[in-house]
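Chemist: Go by the hints and put chain B onto chain A.
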Amino acid sequence: MIDFEKINVGDQLPALTKDPVNEIQLVRYAGASGDFNPLHYVDAVGKAAGQGGVIAHGMLVMGFMGQAVTGWVPNRNLKRFGVRFVNVTRPGDVITVTGKVTGKKVVDGRGVISGEVTAADQNGQVKAVGVFEAYA
Amino acid sequence: MEDRNAILETRFPEYSFAVERGKIREFALAIGDPREICLDPEKAAQAGYADVAAPPTFGIAVDLWGGPDFARLCEILKADPVKVLHGEQEYEYLGDIVAGDVLTVRTSVTDHAEKRNMRLITLRRVYVNQRNEEVLRCRTVVVELK
Numbered sequence: 001m002i003d004f005e006k007i008n009v010g011d012q013l014p015a016l017t018k019d020p021v022n023e024i025q026l027v028r029y030a031g032a033s034g035d036f037n038p039l040h041y042v043d044a045v046g047k048a049a050g051q052g053g054v055i056a057h058g059m060l061v062m063g064f065m066g067q068a069v070t071g072w073v074p075n076r077n078l079k080r081f082g083v084r085f086v087n088v089t090r091p092g093d094v095i096t097v098t099g100k101v102t103g104k105k106v107v108d109g110r111g112v113i114s115g116e117v118t119a120a121d122q123n124g125q126v127k128a129v130g131v132f133e134a135y136a
Numbered sequence: 137m138e139d140r141n142a143i144l145e146t147r148f149p150e151y152s153f154a155v156e157r158g159k160i161r162e163f164a165l166a167i168g169d170p171r172e173i174c175l176d177p178e179k180a181a182q183a184g185y186a187d188v189a190a191p192p193t194f195g196i197a198v199d200l201w202g203g204p205d206f207a208r209l210c211e212i213l214k215a216d217p218v219k220v221l222h223g224e225q226e227y228e229y230l231g232d233i234v235a236g237d238v239l240t241v242r243t244s245v246t247d248h249a250e251k252r253n254m255r256l257i258t259l260r261r262v263y264v265n266q267r268n269e270e271v272l273r274c275r276t277v278v279v280e281l282k
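If you read the protein sequences in the order shown, they are chains A and B.
Reminder that position 46 of the first sequence reads as 46 in the working numbering, one-by-one numbering, no gaps.
In the working numbering, each residue's number is its place in the second sequence (first place is 1) plus 136.
Hint data in this document are derived by calculation from the structure and do not stem from the laboratory.
Predicted, not measured: the structure shown is a model, and the values here were computed from it.
Virtual Cβ for every residue (Gly too), placed ideally from N, Cα, C.
Among these hints, one or two may not hold up.
As the list claims (entries may be wrong) - Straight-line C-alpha distance at most 20 angstroms; calculated SDA-like pairs for lysine to any residue: (1) 214(B) <-> 149(B); (2) 79(A) <-> 100(A); (3) 219(B) <-> 46(A); (4) 214(B) <-> 203(B); (5) 79(A) <-> 232(B); (6) 79(A) <-> 171(B).
To be verified - For each label pair, taking beta carbons as the anchor points, the in silico distance ranges come out as: (7) 125(A) <-> 184(B): 35 to 43 angstroms; (8) 52(A) <-> 216(B): 18 to 26 angstroms; (9) 27(A) <-> 177(B): 22 to 30 angstroms; (10) 219(B) <-> 3(A): 42 to 50 angstroms; (11) 205(B) <-> 12(A): 37 to 45 angstroms; (12) 48(A) <-> 184(B): 44 to 52 angstroms; (13) 4(A) <-> 244(B): 31 to 39 angstroms; (14) 103(A) <-> 144(B): 32 to 40 angstroms; (15) 176(B) <-> 17(A): 20 to 28 angstroms; (16) 43(A) <-> 221(B): 15 to 23 angstroms; (17) 156(B) <-> 80(A): 25 to 33 angstroms; (18) 103(A) <-> 184(B): 24 to 32 angstroms; (19) 281(B) <-> 3(A): 41 to 49 angstroms.
The following block holds chain B by itself, in its conformation from the complex:
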């Protein structure tokens, strides 16, 4: 078996994603979260946002539409897609994300642990907007069952 610790050296491609009103709307409605600041530019403006605001878990759409999709992510992590589960997800919010933003995302593998019946891979992502402001950080734990 190859040395899976080499995964800590994995280089992820940087990716960019243009945040659009329609995508925020689609995402909020898929969750069933009809919040006006996500759907209505006027309500968002009244609340002090430059445009409609992203819901708190919108980062996942930035990742999967802007970066490698699930199948490609499994290839990069050398994980069997059928055995992969989502263990944990944590966001740290540093600034607004609104329609019109262009986010650039850098990903790194920060931890890799082998347990008796599973492998845990921790990814960290940093999201920077078009003004070079860091607006979001994310930590994801991917679980591969053995």
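Excised from the complex, chain A in its bound form:
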């Protein structure tokens, strides 16, 4: 649990660094999510699409971001979570999710925290940016 009184705007969420994305994970995520777009597991399709090879599902990266956010606030406290996909993720990329608190307010007697999250790779290239709102 997080303590609303002790949260301040600008506070950092604990960073989450994932294992390198690999093809096995993309196949597992294709099966788990039901997204069988071959762009994510057939290299020739990735090349034909001008990506140089397979790319990760955007929703997998959002999944990493969701793991980071709900590692900090309990799952059930999350009210809203949205991301915009900026760059593609490829096998070998090591994604780190960072975030910070951007606001706090009281709504109907409950503390609500808003924040932003970013997923970036080992070179600092941003893959997705997101915002969330959660009950404290």
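Modeler: For chain B alone, coordinates are given in the frame of chain A:
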């Protein structure tokens, strides 16, 4: 070229999806998110859930396993699958989603914009459980490059 604004009138089939423990587990592990409330019914119960809980992006599995898959979605949206990208995704959480739930999903196309080098299609989905409680809303922006 046909009038693509007609897409705003697109009727999506309503679909249902039974949420199972195994699917939640598979989904969480595919992300590499070994959270106990998603994997262990006892830990989930201790945290106050009726059963193992869905991770925050689980709605995508409900859509793609319960509703039209990616290829069919592109057909419905009259989009070229090779040129389709995922632009944005936003969830609003209104209640728990746990194993044992049966979700029914209604989809609508709420916006369609043509830009110089791309087409943006916004879909909205509402997820209702077996007790007729609205538990999740979703907004998706699909990008088709020209």
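Chemist: Confirm or reject each hint.
Modeler: Going down the list of hints, with the structure as the test:
1. 214(B) <-> 149(B): holds (16 angstroms)
2. 79(A) <-> 100(A): Holds, because 16 angstroms separates the two Cα atoms, which is no more than 20 angstroms.
3. 219(B) <-> 46(A): holds (11 angstroms)
4. 214(B) <-> 203(B): holds (17 angstroms)
5. 79(A) <-> 232(B): holds (11 angstroms)
6. 79(A) <-> 171(B): holds (19 angstroms)
7. 125(A) <-> 184(B): 35 to 43 angstroms: Check passed, 39 angstroms falls within 35 to 43 angstroms.
8. 52(A) <-> 216(B): 18 to 26 angstroms: Distance hint for residue 52(A), residue 216(B) holds at roughly 19 angstroms.
9. 27(A) <-> 177(B): 22 to 30 angstroms: Given a distance of about 27 angstroms, which is inside 22 to 30 angstroms, the answer is holds.
10. 219(B) <-> 3(A): 42 to 50 angstroms: This hint holds: roughly 48 angstroms between Cβ atoms.
11. 205(B) <-> 12(A): 37 to 45 angstroms: holds (39 angstroms)
12. 48(A) <-> 184(B): 44 to 52 angstroms: holds (48 angstroms)
13. 4(A) <-> 244(B): 31 to 39 angstroms: Holds, since residue 4(A) and residue 244(B) (Cβ atoms, about 36 angstroms apart) stay within the stated range.
14. 103(A) <-> 144(B): 32 to 40 angstroms: Because 34 angstroms falls inside the window, the suggested range holds.
15. 176(B) <-> 17(A): 20 to 28 angstroms: Given range 20 to 28 angstroms: holds, Cβ gap about 24 angstroms.
16. 43(A) <-> 221(B): 15 to 23 angstroms: holds (18 angstroms)
17. 156(B) <-> 80(A): 25 to 33 angstroms: About 26 angstroms separates the Cβ atoms of residue 156(B) and residue 80(A), which means 25 to 33 angstroms holds.
18. 103(A) <-> 184(B): 24 to 32 angstroms: holds (27 angstroms)
19. 281(B) <-> 3(A): 41 to 49 angstroms: holds (46 angstroms)
Every hint from the earlier list agrees with this structure, and none is contradicted.
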